[in-house]
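Trainee: Each chain is listed here by its residues.
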Amino acid sequence: GENVEQHPSTLSVQEGDSAVIKCTYSDSASNYFPWYKQELGKRPQLIIDIRSNVGEKKDQRIAVTLNKTAKHFSLHITETQPEDSAVYFCAAIDDNDMRFGAGTRLTVKP
Amino acid sequence: DTGVSQDPRHKITKRGQNVTFRCDPISEHNRLYWYRQTLGQGPEFLTYFQNEAQLEKSRLLSDRFSAERPKGSFSTLEIQRTEQGDSAMYLCASTPPGDTQYFGPGTRLTVL
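Residue numbers (my numbering), protein chains in the order written: chain A, -1 to 108; chain B, 970 to 1081.
There could be a bad hint or two in this list.
Unchecked claim - Derived SDA-like pairs (lysine to any residue); straight-line CA-CA distance at most 25 Å: (1) A:Lys40 to B:Pro1039; (2) B:Lys1026 to B:Asn999; (3) A:Lys40 to B:Ala1022; (4) A:Lys35 to B:Arg1077; (5) A:Lys40 to B:Lys1040; (6) B:Lys980 to A:Gln36; (7) A:Lys55 to B:Thr982; (8) A:Lys40 to B:Leu1081; (9) A:Lys40 to B:Asp1032; (10) B:Lys1026 to A:Ser24; (11) A:Lys35 to B:Thr1064; (12) A:Lys35 to B:Asn987; (13) A:Lys35 to B:Ser974; (14) A:Lys35 to B:Asp993; (15) A:Lys35 to B:Tyr1071; (16) A:Lys40 to B:Thr989; (17) B:Lys980 to A:Lys69; (18) A:Lys107 to B:Ser1027; (19) A:Lys69 to B:Ser1027; (20) A:Lys66 to B:Thr1069.
Keep in mind that the hints were calculated from the coordinates and are not lab data.
If you're wondering where the values come from, they're calculated on a predicted model, not measured in any experiment.
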């Protein structure tokens, strides 16, 4: 089955700096890679996703890159703000299964 | 609210009791997933339905856990003879095929 590794587990940046979170996956059949943001006590919320036929996708301050050959994908947040502080989860999906990374706790210091 | 709903939002029970949670997915979504999440961890897959058929169960799902989706709409997750290690947030998510999962608010279970 799919195995998703996520790094780092914690990340602290200064407001305005960029943050990068990286994930690797094992199942070459995975074809869809969403990223979720989860604030304390709340449900995971989708923030951006990428499909296997796309190498990069941007949405304002957030971007995701995918390297299918190397089986890794990354989340990039630019111009971070204190409200970006949360736990971020990557996931990899084939037609049926979705597996999550263990999460990255991002802290943006004002 | 047309999103995924879960009931109850919180459940406190004594060890050894049975509990049942309900999930109502988004109506046109044919796939429904159950996850368990403990503090500081990502959601952990438990089981998945396509319509009323339970297609996959995690090896982590002991025989004390059972899930149903009798009419292909709402689903229930039952835990029998609860243990303290069952304390977690239980998340339900629904999805149309090949698309992302939309999560419910979760049911937080505390086993005393």
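Trainee: All hints, please: hold or fail.
Mentor: Now for the hints, and whether the structure bears them out:
no., hint, in the structure
1, A:Lys40 to B:Pro1039, "violated, 28 Å"
2, B:Lys1026 to B:Asn999, "holds, 17 Å"
3, A:Lys40 to B:Ala1022, "violated, 29 Å"
4, A:Lys35 to B:Arg1077, "holds, 19 Å"
5, A:Lys40 to B:Lys1040, "violated, 28 Å"
6, B:Lys980 to A:Gln36, "holds, 21 Å"
7, A:Lys55 to B:Thr982, "violated, 45 Å"
8, A:Lys40 to B:Leu1081, "holds, 23 Å"
9, A:Lys40 to B:Asp1032, "violated, 29 Å"
10, B:Lys1026 to A:Ser24, "holds, 20 Å"
11, A:Lys35 to B:Thr1064, "holds, 18 Å"
12, A:Lys35 to B:Asn987, "violated, 32 Å"
13, A:Lys35 to B:Ser974, "holds, 19 Å"
14, A:Lys35 to B:Asp993, "holds, 22 Å"
15, A:Lys35 to B:Tyr1071, "holds, 12 Å"
16, A:Lys40 to B:Thr989, "holds, 21 Å"
17, B:Lys980 to A:Lys69, "violated, 40 Å"
18, A:Lys107 to B:Ser1027, "violated, 39 Å"
19, A:Lys69 to B:Ser1027, "holds, 24 Å"
20, A:Lys66 to B:Thr1069, "holds, 19 Å"
Hint compliance for this structure: hints 1, 3, 5, 7, 9, 12, 17 and 18 are not met, and every other hint is.
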